[in-house]
Amino acid sequence: MMRNLIPELVSAPISALEVQGSHILSGETSYLHIYNLNTGNHLHQLHVLGPHIIHGICKGKDGVCAVFGQKAVCIIHLDLEENIRIKTLCDTTEFPDWILDVSFLSHETSSNCLGIVLAHNSVMLWDWKLKVCIEHVHCAENCILYSAKILGDTWQGMTVCAGTVFNQIVLWTPREEKDSMGRVQVSGRLSGHEGVIFNMSYHHKRNLLCSVSDDRSIRLWRLDLESTPRLQSDDAQKVLYGHSARVWDAKILDDTIVSVGEDAVCCVWNNDGDIIHRFSSHKGRSIWSLAVHEDQKTIVTGGGDSSIRMWSIASEQEQCIKTEELDLVREAQLLLSKSSTNDEFNDADKLVPRQLAVLNSGKIIIMTLNGCLLSFTLHSKEWRLLSQDVNYQSYSILTVSPSHQIAAIANIHGNVKVIALDSGHTLVEEAIFSGKMLNLCWMDEDNLFASGPDGLVFWLKLSRSSDRFSLGKHTSFKLPEAQQRWLTTIALIPHQEGAVVCGDRRGSVLLYSQLQRGKGEEDLEPAGPAHCLLGVHGKAGVTHVCHHAGYVYSSGRDGTYRQYGIQGTRLQMLNTFKVYKGFNWIESIAFTSSDDILVSGFHSSSFLIWSTQSSEKLVEIQCGGGHRAWGFATCIPTPGGTSPTVGDRSMEVDATGGAQAVFACIKAKKVIVCTAPAQKLQQHPILKESLHGRKVSCIKHLATVAVPEGDCALVASGSEDNAVNISLVIFPPSNPSTIHVLHRLNVHISSVRCLATCPSSYEVIDQGEVTEGHDPGQRLLLFSVGGRRTIQCWRVRIPSECFVKDQIHKWMKSACTVEHLASYGNTDNVKQRRWLKKHGQPIDAETRFMSVCVWKESEVELPKTDGRKIDCLLGVGGSDAVFRVFTFSEDSKVLRPLLSTDCHQGCLLTTVSIVHRCPWGTVPILLTAGTNGKIALWGIQKAIKECGKDVRRERLSNEEGGFSNYETKMDSDVCLVSEASISNRGDDHMETITTELSPSQEGVLNSELKPKSQNFETNEKSLSLHHQAREQPQSAPSSTLDESSVLQEECDALWDSNDDIGRLLLSVSAHQSGVNALCINQIDDDHYIMVSGGDDNAIHLALISVSSSQSDKLITLRLESSYTVSQSHAAQVTGLCFIDRFTMVSSSIDQRMIVRKVDLTANDTPTFEVMQICSSFIMIADCCDMTLSTLRDADHCIAVCGQGVQVLRLKEH
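Residue numbers (this note's numbering): 1 to 1213.
Bear in mind the hints are in silico, worked out from the structure with no lab data behind them.
The structure displayed is predicted, hence computed values, not measured ones.
One or more hints might be untrue.
Said to hold, decoys possible - Listed next, with one range per pair, are the computed distances between beta-carbon atoms:
{"no.": "1", "residue 1": "203", "residue 2": "1157", "range": "57 to 63 Å"}
{"no.": "2", "residue 1": "39", "residue 2": "1087", "range": "56 to 62 Å"}
{"no.": "3", "residue 1": "132", "residue 2": "226", "range": "28 to 34 Å"}
{"no.": "4", "residue 1": "804", "residue 2": "41", "range": "15 to 21 Å"}
{"no.": "5", "residue 1": "869", "residue 2": "43", "range": "49 to 55 Å"}
{"no.": "6", "residue 1": "426", "residue 2": "333", "range": "20 to 26 Å"}
{"no.": "7", "residue 1": "327", "residue 2": "296", "range": "38 to 44 Å"}
{"no.": "8", "residue 1": "590", "residue 2": "154", "range": "53 to 59 Å"}
{"no.": "9", "residue 1": "804", "residue 2": "837", "range": "52 to 58 Å"}
{"no.": "10", "residue 1": "296", "residue 2": "1211", "range": "43 to 49 Å"}
{"no.": "11", "residue 1": "431", "residue 2": "39", "range": "56 to 62 Å"}
{"no.": "12", "residue 1": "41", "residue 2": "620", "range": "29 to 35 Å"}
{"no.": "13", "residue 1": "226", "residue 2": "142", "range": "25 to 31 Å"}
{"no.": "14", "residue 1": "593", "residue 2": "526", "range": "37 to 43 Å"}
Backbone N, C-alpha and C define an ideal beta-carbon position, used for all residues, glycine too.
Sequences are here, hints too, so could you generate the full structure?
What follows is the structure, given as structure tokens:
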């Protein structure tokens, strides 16, 4: 039986782009992809350059294109009609030197000529049909080039612009006279760049040459190819600076210049050198490729995040945001002079705006200090007085209903007045409280919530009978006690009568249920919350809550928005999201029909609307920073210019007849209005979505999901961009495979280094948890570790089967849910770091967690004591040569440090966990390997014993007032320290800090890998905070540090006198240096094959036998045989996995994947025989990790990651 590795898909940086009519051609590794610019659909792909990466696409005549990269060229013919057809005219041809540019040229001897500029400053005239070199000319400037550009369309009239390593551009032509060595002299030099030249472009009509450089500049040179001399001046005509990093490419258009760079920003410049557009939606570091449509109104960029995006640079988009200041005092005095005889209303000192709202009809509603309610229409510039009431002077609250048809105002006396905004008529006025009204919140047109003294909230019903309106008290409820105790936002829970979720000024999210009351129940005590998450958004309060697709969402001024599930009468926090670093004032979130989430708020001095789907700023308005009184609305015109009717959205029309986005705020007692074209609210099209912004450092198979046609696999990947992605790989039977990101988990504060999974113990399916049409499937715990000593834990629910044929990824995105359970590690919060520094606890920012492995409770029989169940043991290897053991409980959602041991002399690079079955039960075994090239196998029974002792230690601390948990009475948003775990712990919610004191230094590790183990409470200089939301406020014990130190000594006495984490079962010297990959496979009841790959390019195999002793219940490991494939790869081995008992796959930095068969001879001393079955070139550079997925048809798919992700299928013939 033969086996072959067949490439299935590649997601890598986009290295080349070219526009061909209404289609875009992209180069991704050696694959050419074709997209439709109008629909955004992917139409076709073709493998064209073998192992070479595509660096450029050159268009010829009649659909002929030259695709080139590295040292290869391929000529193809494109038929882009209804049925896309690609015909190869000239197979991939390799050249002896690196190719920098190609161009189709006419020549007297042949019509099939291609000019090729090579990296050693020479140009070749090549007949691509005959595959022969007609002429090869060298320049006298014999140096290495970084870039080159061919100008002209004939061999005799062409000019070569060459960017040298000496920061110069040299100009030369093949037709010039040659010297005695047959080399052409340089005809011109352009100097000025202070770095190497990366790219050049030329505009024939404007006679401009553009160059980009390592010095972050863009320089324009006057170059006329038709005149003599061609170069009028050696000095640059204009120098443009605007990028914060190196500039990779630039294009000259008729009216603008477009550039892209390493800062992942696309800049559009006008002829004066000013930036008129700045697009920055690509993730990661670089935009590598750039193309411009023929109409010069659309540009396409390809990034290092493997995404392709389109940007509109039409002149209409250059309209800047218009800002105006309303003359409120003068206009209000004119209105009041006509309608009021009371001079108090005309006092200019009291005509100060206090509240405002922007309507989607293009009106701004303003409440003044003297009790006047005014309306200003943007389009007609018309002012109108809606209401004036002396009872609403000095203090008033204004809120507008969701339909923008009516408004409610409240005063210091507890009165509420409802006003129709079209006519200004008072619909109803009622006295709700005897004291000050603190806030008003509309739920819909008929439900209004009034927040008053002592945390009391009335649910008011606005009803209409005949021509009269009434405002009645429907029911009431109370907010939890707090210093700032009023309602800020509220939302109704669908399908649950009388259930609402709300946020308060304390920063808490509250769930109330069964608020509906019947007759005779009106005088009952106000209801309390069914569940309360206190202070989840910090001191600044909750700004917005809403219900969407079965989940509750909240946002706050702590820079986060959170997702909750509803389980009966409880809120369960699922995930916490941050937009980007520095965006700390989030005001609201909105969901679009395309599953996008729009986040609005303030960052620095700007008001922003951010698209989470496209990762771009849709609107950015310079308003000076956050404002207490502000409003924003999108104003859409009505057909024919008619006035708006009931239910219409905003209708403000700009000069071009389009919609407008309107922002208004009160600044320095003045009303400032900013308007922008509503097109800015439309996200730019994405032809290909991004995967990761930087190198993908780890990848892990989660599950295989059955689909009606084909298969799909769910994988998790971690990256240096600090993100963990849950992605779906779809293997359709007849079409190319695709990869789609379902969830982006941005919780890590540094790079992600390793992933591990185990089955979840969570089995309860509460009401409303499973979405209609989705099966419960399976649940996995996903652990990720990385820099800054961080651990994150998620629970992933995966359906067992997909029931749709089309749009599988959209169905899976809703069916596959992710819940963030726990965190451990350092913090990036400035307040937290200051708190640590003040208390003498510096953050260890250098230590990185490099590897992680998991033992499930059912596999190793972890002790269950005192009702606290431990679900799994977590083993983590660190860069500080310390191996740490954690316990994790799904019920409490807490990661607890248990033990640590300095078991290696160097950085721990990889760890593996296995379970061996013995007659008396299961025995867990740990494999560790590091930079010293040694592999150690440990028995971890010691750690399992400590699980029970950890519970005893915790019980003692609780009885004595707390040893391990120093409970400090601090506010939740201040008491956040280095190792944070955000979780919900049932009915017993507390905020606690755990202090871990530094250990005494005990000698140096010896060469036999004998560990010195410490408990975590005496091993690390750090703090561990378990920050949980609480149902009720609890006072914390006031234990001092000295008292806690005494309790520390008492609890240390509970530890076993044996300091080892476990027995060293076996030590194997496998490699000369670091061990990057490690896997082990059981071949029978008592034998294992252990395989490792290292920095020495070798693969080491070891046959290990296991013997057990029934009397003392101990196992013994013995190395039966070993074998080294010394030159298994041409570079360090980074990935290993077993396909079956005797077949393994390896990957390496040399971009090769090799499948090998392992045989064992049946001699007295078994020996290994390793035979290569097949191999394949990997398109991904810097290979870091690999994972294996088994499909339903028994095929194996191997995903390898590095600078992107590639999936290969192992087919058996």
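When the structure is checked against the list of hints, which entries are broken? Sort them ascending. No numbers; nothing is violated.
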